[in-house]
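**Q** Listed in order, the protein sequences are those of chains P and V.
Under my numbering, the residue at position 54 of the first sequence is numbered 54, and the numbers go up by one with no gaps.
To get my numbering, take the position in the second sequence, counting from 1, and add 165.
Since the hints were made in silico from the structure, they are not lab data.
Just so we're clear, the structure is a prediction, and the values are computed from it rather than from any experiment.
Don't be surprised by glycine CBs; every beta carbon is placed ideally from N, CA and C.
A portion of the hints provided could be inaccurate.
Said to hold, decoys possible - Quick list of simulated restraints, FRET-style, between CB atoms: (1) 322(V) with 110(P): 35 to 41 Å; (2) 103(P) with 167(V): 28 to 34 Å; (3) 306(V) with 61(P): 40 to 46 Å; (4) 212(V) with 154(P): 27 to 33 Å.
To be verified - Simulated crosslink set (DSS-like; lysine-lysine; CA at most 30 Å straight-line): (5) 193(V) with 70(P); (6) 70(P) with 213(V); (7) 213(V) with 193(V); (8) 112(P) with 213(V); (9) 193(V) with 112(P).
Claimed, not checked - Over 12 Å on every C-beta distance to chain V, these chain P residues come out as not near it, computed from the model: (10) 20; (11) 60; (12) 126.
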Amino acid sequence: MTVLQELRFGMRMLLKSPSFTLIAIATLALGIGVNTAIFSVVNAVMVRPLPYERAHELTMSHFTNARGEKEWQISPAAYRELQSLNSVFTEIAAWGNNTWPANLTGDREPEKLDGLQVSGNFFPVLGVAPAHGRTFVAEEDRPGNNHVVVISHDLWQRESAATRE
Amino acid sequence: MIGRSILLNGAPYEVVGVMPADFSFLLKTDVWTTLGLTAAAASDRNNKYLQWILQRDVVYGQPANARDRHSDGLGRASRQRIEFGGEAGNEACRRRCDCRLREIPNTVETHSLMESHKSKGFDHSGIQANHNLVFPLDRFRELVARGEVGELNYRHFSFMGSIIGPRKLIEETALRVARLLRDDGVDAVFLTPA
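Chain V with its partners taken away, still in its complex shape:
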């Protein structure tokens, strides 16, 4: 069935996916297609016929059985985004902000990391071209190689940006990270803003 063409309203449509039997959204639906808004339709201000839903942290073209968000489904190299599962912020905090912390192992290759902060409020091109701008792990490895830094911790931490309700981040997550770093025997911490 996948890849087959079916005739809908007299026009051929390629079937690209089949939803699970238990999937439903508001009304009974047999078939979904894209809005495919033309330039004229997209500039229409008079007809209000769209409903909208918000979410953060998503990837396009999710393939079957790819609930693992480390794959973006576009055939690009799998990207690593390590979340700190059990240590994630509580439910109430997540609704106002993503105050979770991600643990990144020191052995990670920086090009395999994914920037999950999708805000359109700033230019991401520099970060996407070189992750060392916000996570300068390769630079620190060079400093270690030159003997200017003794050694790096076996893990590093990252946080989400644009946090509009930072209380939990300040009162819980930051303290937790501080304790973890203390337990790791870290002498100095390098903080980089996005």
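Extracted from the complex, chain P is given alone in its bound form:
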């Protein structure tokens, strides 16, 4: 019996018991789908390195309060103290826990943007360079000098298209 004959025989047997075939296919599909989904998450979160240069040098830390709970957020005063007392790490970068609602207006259709307020050293700490222009300099993290933005590639494309129109 050739392989082709084996396959034909197998197909005929499956067609002979359609309910069994359907259950088998559904079980296989579900198993493969769930495994693929779990692997995708595990790969993204635990296996694949962060898409930043020198990601192995990045560390997120937390305080433990009197109740033994982890506190990932800190006050600005605590952040400043961490910076001044730090003698182990070169830099400590911070970002606002809440998004910065930024409404883009001007000679265009108004648009609600998702913004993030970050410390001046945020991008260098991540080790990412911009595609165009530069990231922030230290002086721009001071009140009065902080009306500067770095924009996403998507917004740049939207703005470029809007400008052309």
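Using the hints, position chain V against chain P.
**A** Just chain V now, with coordinates in the frame of chain P:
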């Protein structure tokens, strides 16, 4: 687009950079600005709204296409910091300490070197004013010129400070340097602490 002003919440903001298409950080973000904490906000102890991340060895104002960390992006003269690529410490060691060694060629100009140890635990002003305080290459060149030292090796080595887990440094990096110096035929080694 760069250098253009856009209106955000009714106020003008200058666009200084555009991130790459594949860049993302936690949430979808269209625009980043600085915290710009005022003195009052910076002394706020009650509102905990900052998240933080730690890293060592960074430079401000990284310009586009400047993944080469020899440039600091502030328009200052490019600084040389030579790392000993393939000989760097392993991953586990790097997490606890930077036990890599840097090879510095003897032909280097000392003013072009960069102090990459950014610890705030001691005063760096002397080192920044004169690198010979921790890397006295110019002094040794003077000794060679006066005939008090025969010649200098064609390369020198430096290490990171504040190493909290020195085992790898002692057991691997130091031995490696010793072998390299032996292979170079070095007669004497001058060690300088930072």
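**Q** The structure should be examined with respect to each hint, and the outcome stated for every one.
**A** Structure-based check of all given hints:
| no. | hint | result |
| --- | --- | --- |
| 1 | 322(V) with 110(P): 35 to 41 Å | 59 Å, violated |
| 2 | 103(P) with 167(V): 28 to 34 Å | 22 Å, violated |
| 3 | 306(V) with 61(P): 40 to 46 Å | 44 Å, holds |
| 4 | 212(V) with 154(P): 27 to 33 Å | 31 Å, holds |
| 5 | 193(V) with 70(P) | 25 Å, holds |
| 6 | 70(P) with 213(V) | 13 Å, holds |
| 7 | 213(V) with 193(V) | 22 Å, holds |
| 8 | 112(P) with 213(V) | 25 Å, holds |
| 9 | 193(V) with 112(P) | 13 Å, holds |
| 10 | 20 | 46 Å, holds |
| 11 | 60 | 5 Å, violated |
| 12 | 126 | 7 Å, violated |
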